[in-house]
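Student: Given next are the chains, with one letter for each unit.
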Amino acid sequence: MEKEEDQDDLIWRYLDDDLTEFDKTRFESQIEQNTDLKTRLDELNRLNDYTKKNILRSPVSDFTEHLMLHIQGVRIVPKRSHWVLLAGLLVTLFISGLYLSEYSSNITLELNKIDIPESPIKIPSVDLKLNEKLPLDQISKGLLYTLSILSLLFFDRAILRPYFKGRKATN
Amino acid sequence: MRSQSNVNHLSDDVIIDQVINGHTSSYAILIERYKSYVYTVALNIVKLEEEAEEVAQDSFIKVFKNLKKFNRESKFSTWLYRITFNTALTARKRITKQTTETLNDSINPFTNQTDQTEQDDQKKFIALAMSRLVEQDAMALTLFYLEELSLDEICKITDLSLSNLKVRLHRARKRFAKELQLLLRKEAVNL
Chain A
1254 MEKEEDQDDL IWRYLDDDLT EFDKTRFESQ IEQNTDLKTR LDELNRLNDY TKKNILRSPV
1314 SDFTEHLMLH IQGVRIVPKR SHWVLLAGLL VTLFISGLYL SEYSSNITLE LNKIDIPESP
1374 IKIPSVDLKL NEKLPLDQIS KGLLYTLSIL SLLFFDRAIL RPYFKGRKAT N
Chain B
3 MRSQSNVNHL SDDVIIDQVI NGHTSSYAIL IERYKSYVYT VALNIVKLEE EAEEVAQDSF
63 IKVFKNLKKF NRESKFSTWL YRITFNTALT ARKRITKQTT ETLNDSINPF TNQTDQTEQD
123 DQKKFIALAM SRLVEQDAMA LTLFYLEELS LDEICKITDL SLSNLKVRLH RARKRFAKEL
183 QLLLRKEAVN L
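Going down the list, the protein sequences come from chains A and B. Heads up: the first sequence begins at 1254 in my numbering, then just goes up one per residue. Heads up: the second sequence begins at 3 in my numbering, then just goes up one per residue.
Hints in this document: simulated from the structure, not taken from any laboratory. There may be inaccurate statements among the hints.
Here are the simulated SDA-like cross-link-like pairs (lysine to any residue), alpha carbons at most 20 Å apart as the crow flies [unchecked claim]:
{"#": "1", "chain 1": "A", "residue 1": "Lys1277", "chain 2": "A", "residue 2": "Lys1305"}
{"#": "2", "chain 1": "B", "residue 1": "Lys188", "chain 2": "A", "residue 2": "Leu1297"}
{"#": "3", "chain 1": "B", "residue 1": "Lys176", "chain 2": "A", "residue 2": "Leu1290"}
{"#": "4", "chain 1": "A", "residue 1": "Lys1306", "chain 2": "B", "residue 2": "Ala179"}
{"#": "5", "chain 1": "A", "residue 1": "Lys1305", "chain 2": "B", "residue 2": "Lys67"}
{"#": "6", "chain 1": "B", "residue 1": "Lys176", "chain 2": "B", "residue 2": "Lys158"}
Isolated chain A (complex conformation):
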């Protein structure tokens, strides 16, 4: 029995090409002289091939379809707190924009009066001579509205659409 196990070990190593060249040559000469060994080699070789040929199994035919439906429904959806945060951020941004563009500040700062001595070095002033008065108020409003629109677009594309698309797939 022990001899048979040693023999099988040798055969498996031969089939796996795990023998040194010397051992392989010696084993092959043993096969030629020993018919029992050759029979056992053929038997285990056939078992090996039989297993390789038949081991693969397949799941049900609609496996991929069913799984993809599930996967498309499990898209990462932001938590409720994230939505609240994002909505709050957009609203704050919008209101801040309106506030800052309309509000004219009447805040006065009471600072200690300090006499600053005149500098002995006179730096020549450069007259910029702006021909047009830049409409800063309109520019700032435009920027803020653009920012708000871009934020809403991002919210729609990145969060709302995937979420409702996923819900539609699962329903």
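Using the hints, position chain B against chain A.
Tutor: The following block gives chain B in isolation, referenced to the frame of chain A:
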């Protein structure tokens, strides 16, 4: 619409990049490519068809959710089989707790099939012989025969050392060959 021949040549990395960039439908290509292998690995551990399908689905879902974290230091298949192995082991423990009878005796690889071809019979014998092995041995042997992975890759999947794996494979093949021969001889006698 992509033809089958066009998508078959895409590497796993290319498909993964597509999925990460938002083309979720590309994940179906990976599922089609590996579903049989994942299912076979799962079946040889949990030993029940329905459970094996559930394990296979769970494995693909876990992989999808963590695709961005895949570091590509190993092959995608190595990572996928590792997740499948762990998921199957968890399922096997749960099944063992739920049932009193031994699963080895209750395996029925063809619960839903009535017309069995000769190929199905051959697969049945493989499955029955595999069911006689312990989970780690079944896993190692399945991976060894399935895709003829290198021993290093099987080590990464099963977390076994190389020496331990060689011993397991050696033991598993001997036991498997013995069980398979008995089953085939019995079938020949019955016929």
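Student: If a hint holds in the structure, say so; if it does not, say that too.
Tutor: Okay, the hints, checked on the actual structure:
Restraint check for Lys1277 of chain A and Lys1305 of chain A: not satisfied, since their Cα atoms lie roughly 23 Å apart, outside the 20 Å limit. Using a Cα cut-off of 20 Å, the hinted pair Lys188 of chain B and Leu1297 of chain A holds, with the two alpha carbons roughly 18 Å apart. Between Lys176 of chain B and Leu1290 of chain A, the direct Cα distance comes to roughly 16 Å. Compliance with the 20 Å bound is thereby established for this hinted pair. A hinted pair counts as satisfied when its Cα atoms are at most 20 Å apart, and Lys1306 of chain A with Ala179 of chain B qualifies at roughly 15 Å.
Among the hinted pairs, Lys1305 of chain A with Lys67 of chain B is inconsistent with the structure: their alpha-carbon atoms are about 32 Å apart, more than 20 Å. Distance check on the hinted pair: Lys176 of chain B and Lys158 of chain B sit about 23 Å apart at the alpha-carbon level, beyond 20 Å; violated.
Of the numbered hints listed earlier, those contradicted by the structure are 1, 5 and 6.
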